[in-house]
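There are 2 protein chains.
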Amino acid sequence: MEQTKKKKCVVRFEPSGLKIEVPAGTVLLEAANKTGIYLSSICGGDGYCGKCKIVIDQGQFQSKPTALLTPNEMRENVVLACQTKVLSDMTVTVPRFHTLETSQILMDSDAHRFSDIGGEVEAGVFKFDPLVQKLYFEMAPPSVQDHTADHERLYLAIRERIDAPVMQTGFRILQKLSSMLQSCGYKVTVTIGRRGETTEVIEVEAGNHSDRNFAVAVDIGTTTVVAHLVDLTKATTIDTEATYNSQINFGDDYIRRIMYAEENNAFDEMQNRIVGDVNNLIVTLATRQKIDLQDITTVICAGNTAMVHFLLNLDARRIRREPYVASANFIPPIRAAKAGIKINERGLLYCLPSVAAYVGGDIVAGVLTTRIYTKKGISLFADIGTNGEVVLGNRDWLVCASSSAGPAFEGSGVKHGMRAGAGAIEKLSISDDGSIEFKAIGDTKPIGICGSGLLDTLAELFTNGIIDRTGRFKANGQVGGTAILAVSSRTGSPCHISEGEDGLQFRLVEGGDGHQEIVITQADINNLIRSKAGVFAAIRVLMESTQIKTKDLEGVYLAGGFGNFLNVAHAVTIGMLPDVPLEKIHFVGNTSIAGAKTVLLSRKALKAAEKIAQSMTYFDLMSHPKYMDEFVRANFLPHTDLSLFPSVKLATEKI
Amino acid sequence: MEQTKKKKCVVRFEPSGLKIEVPAGTVLLEAANKTGIYLSSICGGDGYCGKCKIVIDQGQFQSKPTALLTPNEMRENVVLACQTKVLSDMTVTVPRFHTLETSQILMDSDAHRFSDIGGEVEAGVFKFDPLVQKLYFEMAPPSVQDHTADHERLYLAIRERIDAPVMQTGFRILQKLSSMLQSCGYKVTVTIGRRGETTEVIEVEAGNHSDRNFAVAVDIGTTTVVAHLVDLTKATTIDTEATYNSQINFGDDYIRRIMYAEENNAFDEMQNRIVGDVNNLIVTLATRQKIDLQDITTVICAGNTAMVHFLLNLDARRIRREPYVASANFIPPIRAAKAGIKINERGLLYCLPSVAAYVGGDIVAGVLTTRIYTKKGISLFADIGTNGEVVLGNRDWLVCASSSAGPAFEGSGVKHGMRAGAGAIEKLSISDDGSIEFKAIGDTKPIGICGSGLLDTLAELFTNGIIDRTGRFKANGQVGGTAILAVSSRTGSPCHISEGEDGLQFRLVEGGDGHQEIVITQADINNLIRSKAGVFAAIRVLMESTQIKTKDLEGVYLAGGFGNFLNVAHAVTIGMLPDVPLEKIHFVGNTSIAGAKTVLLSRKALKAAEKIAQSMTYFDLMSHPKYMDEFVRANFLPHTDLSLFPSVKLATEKI
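Chains as they are written, first to last, in the numbering used here: chain A, 1 to 655; chain B, 1 to 655.
Warning: the hint list may mix true and false statements.
Which copy is meant is left open, because identical chains are indistinguishable; a pair holds if it fits in one copy or across any two.
[What the hints assert, rightly or not] Below, computed lysine-lysine pairings styled on DSS-like, alpha-carbon distance capped at 30 angstroms: (1) LYS611 - LYS187; (2) LYS415 - LYS8; (3) LYS427 - LYS7; (4) LYS375 - LYS551; (5) LYS626 - LYS604; (6) LYS19 - LYS8; (7) LYS19 - LYS234; (8) LYS176 - LYS611; (9) LYS611 - LYS64; (10) LYS549 - LYS445; (11) LYS34 - LYS626; (12) LYS342 - LYS176; (13) LYS234 - LYS127; (14) LYS607 - LYS176; (15) LYS53 - LYS584; (16) LYS375 - LYS187; (17) LYS474 - LYS8; (18) LYS176 - LYS474; (19) LYS7 - LYS649; (20) LYS176 - LYS338; (21) LYS549 - LYS611; (22) LYS474 - LYS338; (23) LYS8 - LYS584; (24) LYS53 - LYS187; (25) LYS342 - LYS439.
Note that these hints are calculated values from the structure, not bench results.
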């Protein structure tokens, strides 16, 4: 036994061909991590998410039994990497859905949104004026006629170029400044960063490097973390990447994570996890785009208040208990390295300001991006993530609230749910013959369903009468056999409902022929309805409190990492959004990252974000007398009160 | 021999009774340093300044022969500590002139100046508004009704009390803020520091410590370093201390020190020396006043540009060569710890801004203190240190220049010269019977002469006709014997000129009877005349360049560490200052430290200092065509051109 443990085994990962030598007994997931190979994993290696699937081509291994693999997968030597130990030299194949390159496709199809944002900055909504800039100067050296000291000479040059009434220089920069200027004949690239009203000389380098200035904008969600790499010199997004938040095995939502951290004294660990995730994303983006980490000068984060607290290891304990307050809603820019983020060691980390303990910078980013704070008419904004935050208002007033929606629409807590990455079903419909039509991101074989696909699924099951208003399957065949036939009440076509491990389930994609079977279970449906009910209840409380009627709403904005195409009609059908004319509803995608990028590119946008955060009025739903009632009433499709959804009533009556 | 070296010896220092065990062979100066006993030493232990005298009471020692001890001293077992090795257990007595406590006396007699400054701040010339403040807050904790986050809560509280539109909080403070506030019920002392337009939250502590906030103002001279301990809560100076600049054995003036540092790659060493001196002063003051170093939150330095560069290890090389520029004239406030200064680890270090490579923050402090920048009439300001800097102007314009006066008036380069500390002759006159009347600081036995005493001596020797207009002794007895009689041409009384080791010398204090013989040599006189000539030549260049006549001068301010009482008439008699009516001449003492303290206590004063530094026009004497001529013409008593000194001509003609 001892001998076996000491044995070294070489693991080769296909198709990359990367190899690593590890001691026998090493867990395969760990070996992959050490090789720098990314495997999806929600649970962090605890064996219950079933995402880290990998194929053993040859070699000996030991795998724990798991219910998360189908008999087909087991026959094809698919294992969970986190549950498998290496016992000999091995060759394994990493399925394509893990590989980072595929998300390139998401970026391309998402490209129009990036250019929109660049466009917004260029169009003068916000002046292009990035938080961190690199400026190249060819200064006249001092002479007998011009005694100006080097430090003041530099300030004069900077102030000729940009508006910087209040300036600051770090001691180390000051110390090296003179010899550096002399060494390069006063031709230097100066990195300047805006810290509130203060402009800091972050770095001074010999020669012209002003064309190499990059930033990473990060949307830190409770379940998913999304990063965009931005070229600050051109105001363009050049690549994107996403991962699951690896804190997830400490709890699905941040309240549980705070409890866990408190009980286990694990706030440091919580920070390490999220900082690790952010660093992984940054390194992945930089490596792929062949960018030196030194040339990344800025990281900007938008996230809910708890995530920002975790990221910076601020005291998050009172976020979950009375009086429910943050340590800080407004975080001053800090040296990114101080938080452990691995970009240029003098680069800056910005966080978008929060409103309250339960309404964070991601929501401020959403308000900024949708520009509802500038409009005369009343708008409604809902951001569906692990929490469902809702903002209502216009240029004169803004109210907001947060409901614990749960991560169902992010693919977590749903059997075949996944984030909106390659292979995720993002569009789905039940055709008249009962067959399922779908589109997977990247047009690959589907491996799961993301938020927009789940929304479609729920709406289609409802409008086809396959589930009833409580969300229960209306199985009209016999229960107890392997397949129970259901019939669409809309088309009369048969559909596949079966008895699975978790009770009844509806088959979306048939397994075999290289396809993975994809189903939606009764538990999944219940989770999704709870999520939408939380959001709608929050909307109701805000509308009732401000006496805004559905007809008063001039625009409804739905945000979240759903996928690229979201059928907004379905959001009304299931009763997530109020029943307004469809042309008023806009799917705006991930406004958290969009807002973060806008702020990154313009100081004025940051000021606007600060003003939004300051002026929004927060409604605490937990202590609100009507919230629970509204939540219970919304736990129907679309709602217990059909008069609130006349268009849905009309449509379903037709069936 | 080896055995002897390994032997341990106990050295006991009287009168303190402090003891230390050192290996046999240890140099006594080193033993004293290790014991924390301060011995005067200019040369840093090289055995040529003769200041570190100590008395051996008992024990064996080995001392190198030296010409710096009189036969009397040798008989009384006086040795130079730096030239003496410990060979056995010993008891030694530290002469009183070394001891720090005696400088208390200087402080007391200086007290009116401190209160003047406090008064100036209080009187509303500058509003009392210290650069670093401790504020105590009893904040309302957050509640369900008041969700304001802790960080914003703190900002609100601060902004209720003080003007702070732009605020900044360090990451570490932010991280600990919440748990700290909770632990003490939101009753905290906040240390805030002004960094340009930005107000930084430097520290947050539980409970009320707002009454413990101290600062040290330091005048960093080329030869002497003076420190004042200031209570920032009361705007009072509570103690002072001074030492020689221990860089002195790398060169008398800073040009030589820069050369030395360049040739020997010793800029780090140069910084270590001056930082060590400043730290020694701070520790001495804090220990004596029983103040915790943690309660010292601020250090403010006024010094010439080179000294500030040495202190911060900025590139000083081009201060001594074309184009004669500084790395920085305006130094942003930095964390004192970053420069190695040992106060509160988050405390701030401020440096008064410089004008140019040869006109530093000490001169800006002088202009600030004398307020010549606010006056309608033309003033002249001269600061006599190792350099003689001169400023001319009024509220509309200011010009300045610097001459290498040399450290003669600071007691260095003069046989019995010393800084203005206990035992220094600060006042001297030759009475009608030829006897010398003098006053020593602290009313102790005299041990040397400080600047004001040297000025008196030079003037008295001249007006008594003992030296001629070139400064040469007019010995009218026989040269070559032990005593050469000189006769005062004013009173006809005999005076003691003798042939010493360095040529002719004039005896000021007779040796024996517990008194040390104190003389002034021909070399001393030549040094002093060169010093005053440099200053006067600089004054002439500025006046000629701006076409200001002597009669146009409404005020003449003489600054420097001369002593407490300076006979300004003598400054005219020897031709150091222009011949204006005496009531126009004001001795203003150490304006460098006075200005530093004013700035310390008022942000407005700092702004005024910055404006002064920015607006002053610098004249480079080294490249000025007329300076050398003026210097040669001024190398007479009072001057080659007697028409410039009508009052002196009149007085000396009477003799």
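To see whether the hints hold, each was checked on the structure:
{"no.": "1", "hint": "LYS611 - LYS187", "in the structure": "between (39 angstroms within a copy, 29 angstroms between copies)"}
{"no.": "2", "hint": "LYS415 - LYS8", "in the structure": "neither (37 angstroms within a copy, 80 angstroms between copies)"}
{"no.": "3", "hint": "LYS427 - LYS7", "in the structure": "neither (49 angstroms within a copy, 90 angstroms between copies)"}
{"no.": "4", "hint": "LYS375 - LYS551", "in the structure": "within (16 angstroms within a copy, 72 angstroms between copies)"}
{"no.": "5", "hint": "LYS626 - LYS604", "in the structure": "neither (38 angstroms within a copy, 56 angstroms between copies)"}
{"no.": "6", "hint": "LYS19 - LYS8", "in the structure": "within (13 angstroms within a copy, 63 angstroms between copies)"}
{"no.": "7", "hint": "LYS19 - LYS234", "in the structure": "neither (38 angstroms within a copy, 70 angstroms between copies)"}
{"no.": "8", "hint": "LYS176 - LYS611", "in the structure": "between (38 angstroms within a copy, 26 angstroms between copies)"}
{"no.": "9", "hint": "LYS611 - LYS64", "in the structure": "neither (54 angstroms within a copy, 75 angstroms between copies)"}
{"no.": "10", "hint": "LYS549 - LYS445", "in the structure": "neither (44 angstroms within a copy, 96 angstroms between copies)"}
{"no.": "11", "hint": "LYS34 - LYS626", "in the structure": "neither (51 angstroms within a copy, 75 angstroms between copies)"}
{"no.": "12", "hint": "LYS342 - LYS176", "in the structure": "both (23 angstroms within a copy, 23 angstroms between copies)"}
{"no.": "13", "hint": "LYS234 - LYS127", "in the structure": "within (13 angstroms within a copy, 48 angstroms between copies)"}
{"no.": "14", "hint": "LYS607 - LYS176", "in the structure": "between (33 angstroms within a copy, 26 angstroms between copies)"}
{"no.": "15", "hint": "LYS53 - LYS584", "in the structure": "neither (42 angstroms within a copy, 93 angstroms between copies)"}
{"no.": "16", "hint": "LYS375 - LYS187", "in the structure": "neither (46 angstroms within a copy, 43 angstroms between copies)"}
{"no.": "17", "hint": "LYS474 - LYS8", "in the structure": "neither (56 angstroms within a copy, 98 angstroms between copies)"}
{"no.": "18", "hint": "LYS176 - LYS474", "in the structure": "neither (75 angstroms within a copy, 56 angstroms between copies)"}
{"no.": "19", "hint": "LYS7 - LYS649", "in the structure": "neither (67 angstroms within a copy, 103 angstroms between copies)"}
{"no.": "20", "hint": "LYS176 - LYS338", "in the structure": "both (22 angstroms within a copy, 14 angstroms between copies)"}
{"no.": "21", "hint": "LYS549 - LYS611", "in the structure": "within (27 angstroms within a copy, 60 angstroms between copies)"}
{"no.": "22", "hint": "LYS474 - LYS338", "in the structure": "neither (56 angstroms within a copy, 72 angstroms between copies)"}
{"no.": "23", "hint": "LYS8 - LYS584", "in the structure": "neither (62 angstroms within a copy, 92 angstroms between copies)"}
{"no.": "24", "hint": "LYS53 - LYS187", "in the structure": "neither (53 angstroms within a copy, 54 angstroms between copies)"}
{"no.": "25", "hint": "LYS342 - LYS439", "in the structure": "neither (37 angstroms within a copy, 66 angstroms between copies)"}
The structure shown violates the earlier hints numbered 2, 3, 5, 7, 9, 10, 11, 15, 16, 17, 18, 19, 22, 23, 24, 25.
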